[in-house]
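Protein sequence lines, in the order shown, are assigned to chains L and W. Going letter by letter, the first sequence gives residues 1 to 337 in my numbering. Going letter by letter, the second sequence gives residues 1 to 337 in my numbering.
A few of these clues could be false.
Unchecked claim - Computed far set for chain W versus chain L, every beta-carbon distance over 12 Å: (1) T107; (2) E110; (3) E322.
Unchecked claim - Okay, the calculated bits of chain W under chain L, using three or more residues with CB under 8 Å as the criterion: (4) 49 to 56; (5) 91 to 98.
Since the hints were derived computationally from the structure, they do not count as laboratory data. The structure presented is a predicted model; accordingly, all values stated were derived computationally and were not measured. Backbone N, C-alpha and C define an ideal beta-carbon position, used for all residues, glycine too.
Number of protein chains: 2
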Amino acid sequence: MNDKQEKFISLAHGNGGRYMRELIDDLFARHLANPLLNTQNDAASLTLEQTEIAFTTDGFTVNPLEFPGGTIGSLAIHGTVNDLAVAGAIPKYLSLNAFIEEGMSFTQLERIVKSMAQAASEAGVAIVTGDTKVVPRGEGAGVFFATSGIGIKTNNISLGMSQIKTGDKILVNGTLGDHGTAVMLAREQFGLKGDLQSDAASVLAYTQSLLSLEGLRFMRDPTRGGLASVCNEISRAIKQEVHLFQTEIPIHDQVESVCEILGYDPLYLACEGRVVAVIAEEQAQQALEIWQAIEGGENASIIGEIKAGDAYVVLQTELGGERFLEELEDDPLPRIC
Amino acid sequence: MNDKQEKFISLAHGNGGRYMRELIDDLFARHLANPLLNTQNDAASLTLEQTEIAFTTDGFTVNPLEFPGGTIGSLAIHGTVNDLAVAGAIPKYLSLNAFIEEGMSFTQLERIVKSMAQAASEAGVAIVTGDTKVVPRGEGAGVFFATSGIGIKTNNISLGMSQIKTGDKILVNGTLGDHGTAVMLAREQFGLKGDLQSDAASVLAYTQSLLSLEGLRFMRDPTRGGLASVCNEISRAIKQEVHLFQTEIPIHDQVESVCEILGYDPLYLACEGRVVAVIAEEQAQQALEIWQAIEGGENASIIGEIKAGDAYVVLQTELGGERFLEELEDDPLPRIC
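Produce the entire structure from the sequences given, and follow the hints as far as they go.
Shown next as structure tokens:
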């Protein structure tokens, strides 16, 4: 076949035979190569550093598949890396599933796998096992990924919503809603354009930097449903009020403008490189300074606190008023991550 | 809402808000409940018995979603359990990703998740972390699953194609092509009907039973592409001839008839509860007897051997002739697993 000719995924690329082997070896394994990935084996054999681990999984269906600041491939790495990171673990090994739709272009798939390889390399993780399935045209949407990850727990700190206490402070490491807005703009369905980049990135540096603080209670990456959904989960779990200060919440000007035009609330939009931490009041300032000193953490902010009260999320507005941030019902933006 | 009213998956079931929580808690977590599964956490915290593990992943897109002998849910458990089992590991912890299409019926999804729970319980594995995504109508096909699994390696035996030697025997634990044929019949597109059941099941009893045999070289579950594809992989890896005896290969009468009518070769059809083992000649008979003594292993058979020669798979036919089993090019049956 002429290499300059555009190639497309066919059903034969999913049948267990020669084409599938070529797809896996020439595209996935070539870019994602590492000593532990052996496409001849059903399972990877690993020797862990210890027996205390974190294990997580995430699925990715973002549309469009490529957007400013990332692709579905880099997202599939960052998402699972971040789920491990907020659990206080160091991400090590990932598995990768690809559901590819018949007719997808090899060239685009290769760009996506390359961005995946780069994200994995930056986060220090190895993809050690994988599987590809090809679904007939019309039964997929380009490509969906699922990644699972194993991380090593290096610290005995016990994190969880159950650790949260009245008076604790809520921190975020940067601006909110960038990912959701960037993907929305990339769809071009609203006739809006902008140079906003997704915030998609590993949050490992942020999560690791706080693990030595005894007052750290809980961390979470505010993806689907955004900050408001994380806060709703917290308030429901601890049956106390989560109080947010609007003036302290970092939001990019462009996100603010786009949301105003389209009627979205940035507090409900997905981030893919942000982390929300709940920390004891006496260590909140120290945590903030640690985060602000990390490259990219300049906009970190203490955005709220836990107050005795009922299980509500309350936003204290710029004008001094208060408004409830309800749990999400309708989906503002399907296929955002 | 009236419980008797049929409910359907909507995009709001994927948005990180209330509906998603209900879908996860009331449907997935309720049926898959175990002490390690906590839907409030991004990652499961696990303490492994040891640091030597196997890690694998598999995606599932079978159509129809339910078929005689299983569902896409039970398949998603058995497939990953079996990938760990053939690596010589004992499967322990699974992650689960669900890509659900908008409009799918709750009732059907619940049946599928129940069959998944039953398969997990039978195989002794716990689903400890999961994620659901809902994709808009027309961008999926009911539901796709991806499962990743962690297994414990209890034995130092080194398995792999590189261990295979000339003279080794090839064993299979039962009839071939049942799964592929059962799924094909369930599609009813050929106007054929039958009572054939998929062979979908855990192969752990078979794989564990051989681990004490020093002569065991390699095990593989012949899923996509069937026995012929596994044998092609072996012959290509070791650059020797894989020689199969047609008269010794167990094939269900009904599979034989259906394949004859439709022009399929059962040796290329997927199995989901079968294992192919390569073992030193002097221990092959012992291995066969071990397998035949396992309930369901009555049809186990020594079906071939490794011969010095070129990298071909040769079928010695009933009439004494020989025919090459080539590597698969076209997909005979898309969405079979």
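- Query: Per the coverage rule (Cβ-Cβ under 8 Å, at least three residues), is the segment 49 to 56 of chain W covered by chain L?
  - Reply: holds (count 8)
- W:T107 and chain L, when compared Cβ to Cβ, separated by more than 12 Å: holds, 21 Å
- Message: For W:E110, is the shortest CB-to-CB distance to chain L above 12 Å, so the non-interface label stands?
- Response: holds, 20 Å
- Query: Would W:E322 pass as off the interface with chain L, using Cβ distances and a cut of 12 Å?
  - Reply: holds, 21 Å
- Per-stretch coverage check for the segment 91 to 98 of chain W, three Cβ contacts closer than 8 Å to chain L: Held - the segment 91 to 98 of chain W has 5 residues with a Cβ nearer than 8 Å to chain L, which meets the minimum of three.
The earlier numbered hints are all upheld by this structure, with none contradicted.
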